[in-house]
Structure formats: C-alpha cells, structure tokens
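Student: One-letter residues, chain by chain:
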Amino acid sequence: MSQELADLHAMWRIRVLEETILRLRLDGDVVGSVHLENGQEAIAVGACRRLRKQDAVFSTYRGHGWALARGVPPEKILAELLYRRTGVNGGRGGSAHFSAPEYGFYGENSIVGAGAPIAVGAALAAKFDGSGRVALTVFGDGAMNQGGVTEAMNLAAAMDLPVVFVCENNKYSELTPINDMVRNPDLSARAHALGIPAVRIDGNDPAEVAAAVGLAVTTAEHGRGPTFIEAATRRITGHYIGDAQTYRPAGELEADEKNEPLVRLGQKLGEAQAQKAEQRARDEIAAATERALAAPLTDPSTAREHLYV
Amino acid sequence: MSQELADLHAMWRIRVLEETILRLRLDGDVVGSVHLENGQEAIAVGACRRLRKQDAVFSTYRGHGWALARGVPPEKILAELLYRRTGVNGGRGGSAHFSAPEYGFYGENSIVGAGAPIAVGAALAAKFDGSGRVALTVFGDGAMNQGGVTEAMNLAAAMDLPVVFVCENNKYSELTPINDMVRNPDLSARAHALGIPAVRIDGNDPAEVAAAVGLAVTTAEHGRGPTFIEAATRRITGHYIGDAQTYRPAGELEADEKNEPLVRLGQKLGEAQAQKAEQRARDEIAAATERALAAPLTDPSTAREHLYV
Amino acid sequence: MSETAKLTYGGAINAALARSLDQMPETLLFGEDVALPGGVFGVTRGLRKAYGERVFDTPISETAMLGAAVGAAIMGRRPIVEIMWADFMLVAFDQIVNQAANVRYVSEGRLSAPMTIRTQQGNAPGACAQHSQNLEALLLHVPGIRVAMPVQAQDAYDLTLSAVACDDPVVVIENRTLYAGAKAEVQIGGQIAPIGGHRLRRAGDDITVVTWGAITSSVEAAVDATGVSADVIEAVWLNPFDTEAVLASVRRTGRLLVVHEANLTGGFGAEVVARVTESGVPLKTPPKRVGAKDSRIPAAVQLAREVLPQTDEIAAALKAMTR
Amino acid sequence: MSETAKLTYGGAINAALARSLDQMPETLLFGEDVALPGGVFGVTRGLRKAYGERVFDTPISETAMLGAAVGAAIMGRRPIVEIMWADFMLVAFDQIVNQAANVRYVSEGRLSAPMTIRTQQGNAPGACAQHSQNLEALLLHVPGIRVAMPVQAQDAYDLTLSAVACDDPVVVIENRTLYAGAKAEVQIGGQIAPIGGHRLRRAGDDITVVTWGAITSSVEAAVDATGVSADVIEAVWLNPFDTEAVLASVRRTGRLLVVHEANLTGGFGAEVVARVTESGVPLKTPPKRVGAKDSRIPAAVQLAREVLPQTDEIAAALKAMTR
Ligand SMILES: Cc1ncc(C[n+]2csc(CCOP(=O)(O)OP(=O)(O)O)c2C)c(N)n1
Ligand SMILES: Cc1ncc(C[n+]2csc(CCOP(=O)(O)OP(=O)(O)O)c2C)c(N)n1
Ligand SMILES: [Mg+2]
Ligand SMILES: [Mg+2]
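Protein chains in written order, with the working numbering: chain Y, 1 to 309; chain U, 1 to 309; chain Z, 1 to 323; chain V, 1 to 323.
Calculated from the structure, these hints are not laboratory results.
Each residue gets a CB set at the ideal place from its N, CA and C atoms; glycine is no exception.
Any given hint could be a false lead.
Below 20 Å or equal to it, Euclidean Cα-Cα: the simulated SDA-like pairs (lysine to any residue) are [claimed, not checked]:
1. U:K53 / Z:G52
2. U:K171 / V:P37
3. U:K127 / Z:A315
Over the 10 Å line for every Cβ pair with chain V, so calculated as not near, a few chain Y residues [to be verified]:
4. A6
5. L24
6. R50
7. P101
8. E102
9. P117
10. A125
11. A152
12. N154
13. L269
14. Q273
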C-alpha cells in the first residue's frame, strides 16, 4: 500500500470513528460533551506516522483521532466513551479526558493549554531516562492565548527539551474566530520569538505534516530542542455536538468541505482507491463498535478505587 | 532648571529614598522584605515625566522609586514602610504592595507579572470612561516568563488598548540570570510577535526612556494600542536586603556601577551641578524621614476595617 | 417598577445582565464566546447587539480576563466577567485571591473592585473530572470575596443584580444543568437588594437542613419523600453566610444536616457544622454532612453516581437522624 | 543505618533532599533559584554541585514548572519542585488541582504522578498580603493530593523523605520563619516511613488541642503557661489526616480546641470540628477553633498581630474551655 493510500485509510478510520461517536451520542448511548475532529484528521495521521514507540502524545479534548492514529484500538476508545470495563480508563476519562499510555497516548486534556507544560515534563524526563522519547503536544489556535503555553514553550527552549508543539489552527476557538482575538494571525511568530524553530504548514496534507513532524523529531533527537508547527486546517463540524455554527460566514463551510483532507487525498488517489480505503475503515470501526457496545459497563462498585495508592 | 538636571535630581531623590529605606531596614525601623531599585532610577524618572495626571502606573514590589517619580510625597512612602497612620495605606501595603491612586500610582504587586493584566483592565476602563488614561505597567525581565504577561499583552493588542508595557531588563530574576532562562535574550521579540510595536532602549538614560514612553503614550492616545519597551539596566544592589550577590561574575558589579544613571548623568552635568542635585534630594528626604518617623503608628484597632464595604 | 415574566434560569440571568447593562452604564460584560456567539449556553444572547462594545469576547486568557476585570473595576467600571466553568478559575486563581480580594483592604479603602465573576460548576452527565468540580469552598476561605449560588430563576435574577451592584468582588456560581429548565414567573424590575440572606425552601420542626446549589432540589425531594418535618435553608449567599438563621432554626429543631455537591472533606459543610456546634446550641443527635465522597469525578455516569450525593442518601440521613 | 546530626529545620530539609537525590536516582529537583543560587532561603544549597543537572533552575513560570513535574512524574521520574511561596501556587493552581490530582484516578491507576511540591507559607513580620497566606485548606479540599506540614527539624527531614517516596502528589508546606532556627538532633538515614500519622506534642487529660504548622509552638507555649492538662496533637500530615487519633483523645478529654494560623472561615479546623462532632463523641463543652480573623493580612506588624492568632488568645481559650 502506498503511503498516500495508507494516510487516506488512516484518515478514514478517524472520520468513521468520529461519525460513529456522533451517532452514538445522538442515540443517547454516549452522553455529555463530545468534540469531533472532522476535517483535521491529516494532522494526527501525518504526525503519528513519524512518531516512534517511545514517543508520547499529549492532546486536547479533541483527541479521539490522535489516540486512534497513535495506535489505540478503536474498540477501546469507543468502550471508554460508552463507560465500559474495556474502555482505556474504564470510562473514568470519557470522551474528553482519556489516556492510553501503553500506546504512547498520554492523554487528552480538557483544560485549554494545560497539556503543553505536561508534555514538556515528559520531555524533561527523557533527558534523564535514556528513553530517547520525544513528546508531542497538540493544541488549538485559541490555546496560544493561554499563558501556560508560552511558559511551556519557553521552558522547553531554555532547556533544549525534545518537544514538538503542534498548533492545530482551525481558525476558531469554540465559536470565536482567532483573528478577532489576536493582532498577528501568524501564531508561529510567538515561537520564533522564543528562539524556537517554527513552521507554518498546510495541515490538511498528511505528507506535509509528516515532513514537518519528522524534522521536528530529528531536531529533538539530536538534542536541539523544541520545534513549533502551526498547521492550518478547518474543522468541518461544530465545536460540540449541537453547535449550529451560525458564527461562520456564508460559504465558508462549503469551501472548507471542498478542501478537507479526505476529499483532497481521495480525489488525488481516485474513486476506486478512496472507496476501498473508506470501506475498510467502515468495516473495522463497525466491528469495533459492536464489540464495544457488547462489553459490560464498568462496575459502579469500583468508583472509588485508584484515588491513591 | 534644565531637563537633564531635573532628571538627575529626580533620580537622586529615588536613590536617597532607597538608601534611607536601607538604613531604616538595617536599623530595624523597617522590617521584612525590601526591594531597592538602585541603578534603575532612570526608567521611573524618564517614564513618569511623560505621563499625565490621568495616567496610571502599575509597578512591581520594586516600586518605591516609581511611586516617588509619580509624585507620591516621600514622607508618605516612608510612613507606609514604617507602618504609620500617615502612610499611603496606613501600613497595610508595606514596602512591596502599596498604592497611592490619588497620585496615579495604582500599586505595587508582589506576584510576578500580575500587574500587567490589571493595567490592561485600567486601559480597558479608559476605552469607556472618557478619561484619556494611558496605563503603564512595569515588570522585570524574569516576569516575561510568567504566562499572564503574555496574555495581558495579547489582550491589549487584540483590543487596541492604551497600555505601555515597560520591561526593566536588569538581567537577573532574583539570583538567576535571565539569559539562562531564555533562548532568545531579545525579550521585545515576544511583543513584536503579538503585533505590538516594541523597542529596546538604554534604560540608564532618562532621556531615551522619556522619548520611548512619550511615543508610546502618543500611540495609545491615538487609539493605536499598546507599546512594549525593553529597557536595559542593572540593579547595583542586591535583589533583597542581605543578598550577597555571589551570582554575579567578577567585575560585573564594578562595571555596572560605572554605567549607572546617576554617575553617567552626573559626569555629564559636572560635579557642581550633580552635587547640588544630590544635596537637594538629601535634604528633602531627610526632612521627610524625620516627619515619617515622628508620625504615630497606625492604630491596631483599625486592623479589621475595610475588608468589605 | 416591578413586573413579572416567564423565564428560565438562564433567561433570568440574561434579564438581570440586560438590566445591569441598561441601568448601570459603568458595567462591562466579557468572557469567552459571550458576545457575538451569545455564550456557549446562550445565557448572554442578544446582549452584544443591544449594548454594543461594552459586551465583548475575549481570548482564552483567564488570567488576563480576571486581571482586566480587577483593573477596570479599580478605575470605576463594574465589569462582569464570565469564567465558562468554575474549574477554569484555577488557571488564574491568583487574580481572584491575591489581587481582587486584596484591593479594598490593602489600599485601606482607597480603592475598590466592584467586579462580578459569573461562572457555573458541578457535574452533568458525562462531564469529565476537569468539568465537574464544585469549588465554592476554595472561594469561601478567601476573605474579600463574596459568593452567591442561585438555583431558582428568581434568585438567579435577584442575586445577579445584587452582585453587580455590590462594591466588592462577587463570584456568582451558576449551574449549567439549570439554564434551560422550565420557565417560572420571575419578578423583574424591582429594587435591587443588598447582598446576603437565605431562602427557606421547606419549613419544619424536627431537623434543619442547610444546603446550596443544584442539589437543593434533591434535598427537597428527599424531604418530601420521607415526610420528615424539616427546615430547608438554602444558602443562596455563602459569603455573607446567614449563620444567625441557621442557629435560630437549629435552636428549634435540635438537629443539623448539611448537604452539598462538593467534596466532603474541607467542604463548606464543615464550616456550617463548626459554627453550629461551637455556638453551643443543644443537639439531639450528632450533626451530619452529606457531600461527594472524597474523590475525583469520573466521566462514567454510573460511576459518578457512586461518588456524588444522591437523593436516597439524603433521605436516609433525614430518616436516621429524626428516628 | 541511622545516625544523628545537629541540623536546623532548613538543614534537615537539605539533608532529606540530598538523601533523596542520592538514593533515588529518578528524583529531580527544580524551581526558581534553587540550583546555582541554592535557594532564596539557602535550603537547597550545595545540591546542584553534588547532583549536577538533576538539580536545576527554572524561569518564573509556575504553570510550566508544575506541569513539567506532572509530565516528568507520569514518565517515572520523581520530581521535587519548589514553589517559593504558597501564595504563588495560585498562578498555577490548575496544574495541581486539575492535573496532578487527576492522574492516578482518571487513568484508572495506569498512570501515577509521584511528585513532591515543596513550598512554604504563613506570615513573617512585615510580609505583605500576597506573601502571608496559609493555604493548606485549599489543598485539603482536593482529593488526590497529599499534604504534609513539618514544624520540627526531625519532621522536616522525615516528612520530606516520605513525600518524595510517595507514589502520589504530595505538597510539603514548610515555614520560612523556621528555616534558620536553632539546631536540633536529627536522626538521619533511618527507614523512610510511609506517609501519615501525627505527633503528640503534649499529653494531658482535660482537653485535646489539634494544631499544625508554625503556630504549634504558640500552642505549646499557651499550654505550658496555663498549666492546662492538654493533649496537643500536631497534625504533621493533614492528608491523610489522623482522625482516629483525634477521636481517641477527645473521647478521653471531652474537649476539642483546634488552632491554625490560616483564616478561620473555611479553614481545615472546621473539618476537624465537623469530624469530631459528627462522630458523636460526647463533649463537655462546645468545640472551638482559633484561627486568623477573617481578613487579608496587613504588612504592618502591629496590625497583623490583631488578625493572626496569638499565644494569649490560645491560652484564654484553653482556660475558658477547661474552667
Ligand atoms: C482554561 C480553559 N478555558 C476555557 C475552556 C473552554 N474551552 C474549551 S475548548 C475552547 C476553545 C479552544 O479553542 P482552540 O484552542 O482553538 O482549540 P479547538 O477547539 O479549535 O481545537 C474553550 C474556550 C477550557 N476548556 N479551558
Ligand atoms: C508568581 C511569582 N513567582 C515567584 C515570585 C518570587 N519572586 C519575586 S521577585 C522574583 C524575580 C523577578 O525577576 P524580574 O521579573 O526580572 O524582576 P526584578 O526583580 O529583576 O526587578 C521572583 C522569582 C513571585 N513574587 N511571584
Ligand atoms: Mg481552534
Ligand atoms: Mg530582573
């Protein structure tokens, strides 16, 4: 299978996973807040294929796809959202705050920007533990305005720590356009100012993402510290389920849907290949969903375990 | 009196005030932590002479000189440190956390970086209250690594608020060199990255400071938002009283003492003028000290007043 | 001039904010997504349109938002800032505890910070540990900050206005599970009351139940289900807290139960128990608290139920104490 | 192998940190000014030299520091991070409450965060309101975080080691007025105890006094001055709190006084009173708390004295309660 086809398939897996979660949410099997990453799949897919086993990903609440791209089985993700015993955290994390360290996925975070300093800590550990770990943290454009993110970037820069900062710039923070919230829409400039090599890339192209992350990993591996990647993308779904997206200017969503990574790469590879990639993803996720739904709910009597050792 | 002589005199007032405080502290009249700004006087003096009555200064714990330059009578500052009824806050603020709003001095802050967002709020108020106020906030090089400062700068930039951010870059945060804590020693780059006009100036030259602040005030007045000024300086005393400054490389302090603003401007103006400026300052502060020491201590029975309306 | 309107809890807050913006020209209203989008829960809908630039959206910068509120308040504005979830206060807690709370006291009354922080808290089905906490106790240990916690639409309206009119910092803690509930008659336009006071939700003789927040309805349900004759005192204001009202009730009933959704240990229930027992009011039975079992909050609904106080637990306590 | 050394409180902490760095290769020690300068109070002096890059200085970035501790701990390091003043935790409280505290629980035990936060708190003469707070109650309302508060040099040594060895986040709250006090014999090198327990500072029959932090010495002074026969229980561990020991003592004495330097309302004293009174242990007199009077802390020494609990106030309470 060509790399492009592999990427397309990996992106379809995420898309179908998210569609499935949406359906489960609307059906009431999944409850509470759910944040989908439809349209942004190329970043997780491009990045994760350049990460090694020893690397660690720290994502936001919009993290299902990152977990999947990192290798977490879809069944375990779905089971988590369905609060099953087989979920990665037995349902304690839920959609917005689960982790699966055995797959190098160190967790979502529902506090905007809070994962960045934690990723820096994982990189700090690497300085001493001989793991060769690179820590990758992903956050949104809006998170750039959370002070802790600047603190984290500066600490990583000052200490030459092996971190990759990935900013998924989807142009919105919830319902608010980033360009109304900053003077300088070039967010990578902030990393530059801290002395961090920074690039702005097309986040809807998995190959471009992979190239940038690959370089960042090499930079980190060689002790040259952090890299910042601003990946332009668009979410083609609401921020949360139920978000009517009235804040979008007329025509924007339609344009975004034409430029979304699955459409783009699908057109490039042709309908036949694209359909095959999609179908394989659908079959896999459907089977995973069935298994997840069949698993028993986590036993309520375990609710108070694991608070302390 | 020439502007230069006025500046020299104003700087001497601060120096003598700080020397007096040091003496009072060593004698035990003043207790607790005290942070002097010896060597950094040109920034407060240069900045405050370009501020208008309606403007508001927000400083750090190292704020005695800023208060003085803003027009707070030295007697009231000393009385504050001596916990007298005549102190600007009756001794509740003390050396590190006093304010004197009636002089446009909205207070010191002992939490690194915390004054910046508050100054932004004062500027926000100006947008609506017709005061024409410009808010000036001053903080150290180390404070640049406190996330809230970046947040504050971005908010001011995004909203075009009338704020002047003054970074007193004295190269140390307490006992730690800033250059060990950042990759890029040009701190103004961070403001640039946020779209804020930023300059790096000689903070030991009151005229240069006044020019930069003057331009910043004009920029703010005209609705063009914040300016960032990185003023290079050196403190020629310890961070706190008792700081042996063992962290300084050999010869540094001696070099700094040659380049300090009082020496520099004094040499330029000649010994006669310099001595006159110094003497006037000494006389004034001595008289103020006497009056402050003669004032009654704040009545302990008032300790619980003013917690709520 | 007072009239009534049928309003949801969210609608009542919206009405109170509109009135504040209308009648107090020094008010500002800001926060993430509050202006153009009208708030993620729709509570601030229409206010930007009606009141223009005094209502604005902010970056995701809680420290800057709260600091800006402090600074604007010091200068005579009356900012109302929304922190979308109480959990998010913690990225910027300094601006509340070390800044806002100190303004009046440290300046010896020369400055004040008439600001209102609107936030909402608590668990809702499926919410994760970082979106479920009940944090009022943290604020209640901080002198200089007032705290209100409305549950009924009328209180949401009244307390919001009292908070905005207060010349000290007030945190109004709302609850997102209530925003879109049933509409109720709300008296609007009346006099703005000073802060303070409580609401007597049930009157009875055998036990005093002190509670606050959304769990008040579970307490009412438990009282109604058990038929226990209980004074149910809802502490809509937690600072100032109406200690006198509680003592007067316990003096009559001789029994005290405190119920809150917050974690038991170190919750404000302990303070209520301490005040009552220190007072020496005679008790017929030891006082009791019902709160969340010391734990983080799991997302899984069936697990969260084990941790959070439920109606049957409250009912059992009522029965055991009055048996 | 245990031996003794004459150490100040600060020296005992230094010795515990040295031993941690020596015997636990996964430890890291960092914070503002802790490495090359040896700490603003000199507590970490010599450790950088002895242990190299595992001891390092950080920018003034509490959020990044605490977040880095969480991340490093998750990965198996055992970070010890210094927050210079407890007041400064508040700029980064999220990383403690929403991050560190959740790690073990939310991951269902797959991850843990064996990190130690060393900080110090309380008033010292002339300290301003932003450098004077006693904030243990905020931490004690957060499940998932352990809290220790040593006062004696031996405890400073022992508790620090127990904290570092603990596999959960622990906040060790020190006190700067103690660092450079008199030297005391300290047993060093013995077994590292598990966390938990209390210290009985005085033994007596007529009243139980529960206290913690630097004010313990005022309590001892008050007991000695009044001659009241008192059990003085110093809660060196506040989480886990030794409720059983307190109950056992009160069962015997029938009286409870709790003394802390922290602000009274919402302080952990309320929790102690609540636990004791809920237990139904018979009391001969209502329980009482002595704490700071609900206030910000003024810099002026003569004003701070009015607000903070003093020995004579404690003595008066002892006498009144045992009269
Ligand atoms: C500290 C904090 N503030 C606010 C929120 C509420 N919130 C959740 S997602 C979000 C928008 C984030 O935007 P961005 O960083 O661009 O990420 P995106 O959702 O677009 O992926 C906000 C404000 C939060 N979770 N944490
Ligand atoms: C949030 C916070 N962290 C740490 C401190 C302790 N502290 C006080 S002054 C200081 C150094 C500040 O350095 P800089 O910003 O360069 O200002 P300077 O003292 O040099 O004027 C530190 C770390 C504090 N007061 N607040
Ligand atoms: Mg975004
Ligand atoms: Mg400095």
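Student: Please go over all the hints and tell whether each is borne out by the structure.
Tutor: Hint check:
no., hint, result
1, U:K53 / Z:G52, "29 Å, violated"
2, U:K171 / V:P37, "15 Å, holds"
3, U:K127 / Z:A315, "54 Å, violated"
4, A6, "29 Å, holds"
5, L24, "21 Å, holds"
6, R50, "20 Å, holds"
7, P101, "6 Å, violated"
8, E102, "7 Å, violated"
9, P117, "2 Å, violated"
10, A125, "4 Å, violated"
11, A152, "5 Å, violated"
12, N154, "6 Å, violated"
13, L269, "38 Å, holds"
14, Q273, "38 Å, holds"
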